[in-house]
Amino acid sequence: MKSYIMILLCFLLLSCNNEPSLQKYFVENSESADFISLDLGSSIINTEKLTLSKEDKEALESFEKMNILAFKKDSLNDEKYKVESKKIKTLLKSNEYQELMRMGSGTKGGAVYFVGEEDSIDEFVLFANEKDTGFAVVRVLGENMNPNNIMNLIGLMKKANLDLEQLKPLQGFVK
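Each residue of the sequence shown is one higher than the one before, starting from 506 at the first, in the working numbering.
Check before you lean on any hint, since a few could be wrong.
Said to hold, decoys possible - With a Cα cut of at most 20 Å, we get these calculated PhoX-like pairs of lysine-lysine: (1) 529 x 587; (2) 591 x 529; (3) 613 x 592; (4) 592 x 636; (5) 636 x 554; (6) 613 x 591; (7) 585 x 636; (8) 587 x 613; (9) 613 x 636; (10) 577 x 592; (11) 529 x 570; (12) 577 x 613; (13) 613 x 585.
Simulated from the structure, these hints should not be mistaken for lab results.
Given the structure is predicted, the values throughout are model-derived calculations rather than measurements.
Turn these sequences into a full structure, and let the hints steer you where they fit.
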């Protein structure tokens with residue numbers, strides 16, 4: 506009996522993943538004073554007054570939630586900005602994330618990554634960086650998403666009455 510317990514304990518210890526991940530990064534930094542953290546559900550997109558196409562409905566059904574973590578840079582945290590920005594870039598270079606596209610150059614830019622297969626994506630990640638103001642990482646989590654779903658969600662966000670109350674914490678970040 507003792508040997509079974511020891512084997513079980515060893516298995517549990519070995520199965521714990523201590524490698525860094527984007528999810529762990531979000532959890533570790535969500536309470537930090539230098540970061541603004543938001544978790545948004547699909548309720549942010551108010552579609553009650555919209556006529557939805559089949560594609561729009563499919564996009565909404567594939568979308569679960571969105572996590573936003575933004576680092577607001579100022580003159581006092583320049584070194585921390587460099588360290589944290591490098592951490593994010595390192596995490597996104599892991600084999601888990603596939604780069605979909607990159608935009609911008611030099612002092613500001615961004616990139617879009619995904620986790621999963623092209624027709625069955627579990628997570629989209631947008632990393633936006635501006636040397637003077639900071640950076641933001643947006644995780645769009647869902648099930649069986651595809652690039653068309655994301656484009657439809659963006660279109661729905663433009664057409665729908667967004668629940669802007671949920672976005673209030675970002676007001677100080679966006680100038």
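Do the hints match the structure? See the list:
1. 529 x 587: Roughly 19 Å separates the two Cα atoms, so the pair holds.
2. 591 x 529: 15 Å, holds
3. 613 x 592: 17 Å, holds
4. 592 x 636: 15 Å, holds
5. 636 x 554: 40 Å, violated
6. 613 x 591: Measuring from Cα to Cα gives roughly 14 Å; hence the hint holds.
7. 585 x 636: 13 Å, holds
8. 587 x 613: 14 Å, holds
9. 613 x 636: 6 Å, holds
10. 577 x 592: 16 Å, holds
11. 529 x 570: 17 Å, holds
12. 577 x 613: 14 Å, holds
13. 613 x 585: 18 Å, holds
Checked against the numbered hints above, the structure breaks only hint 5 and satisfies the rest.
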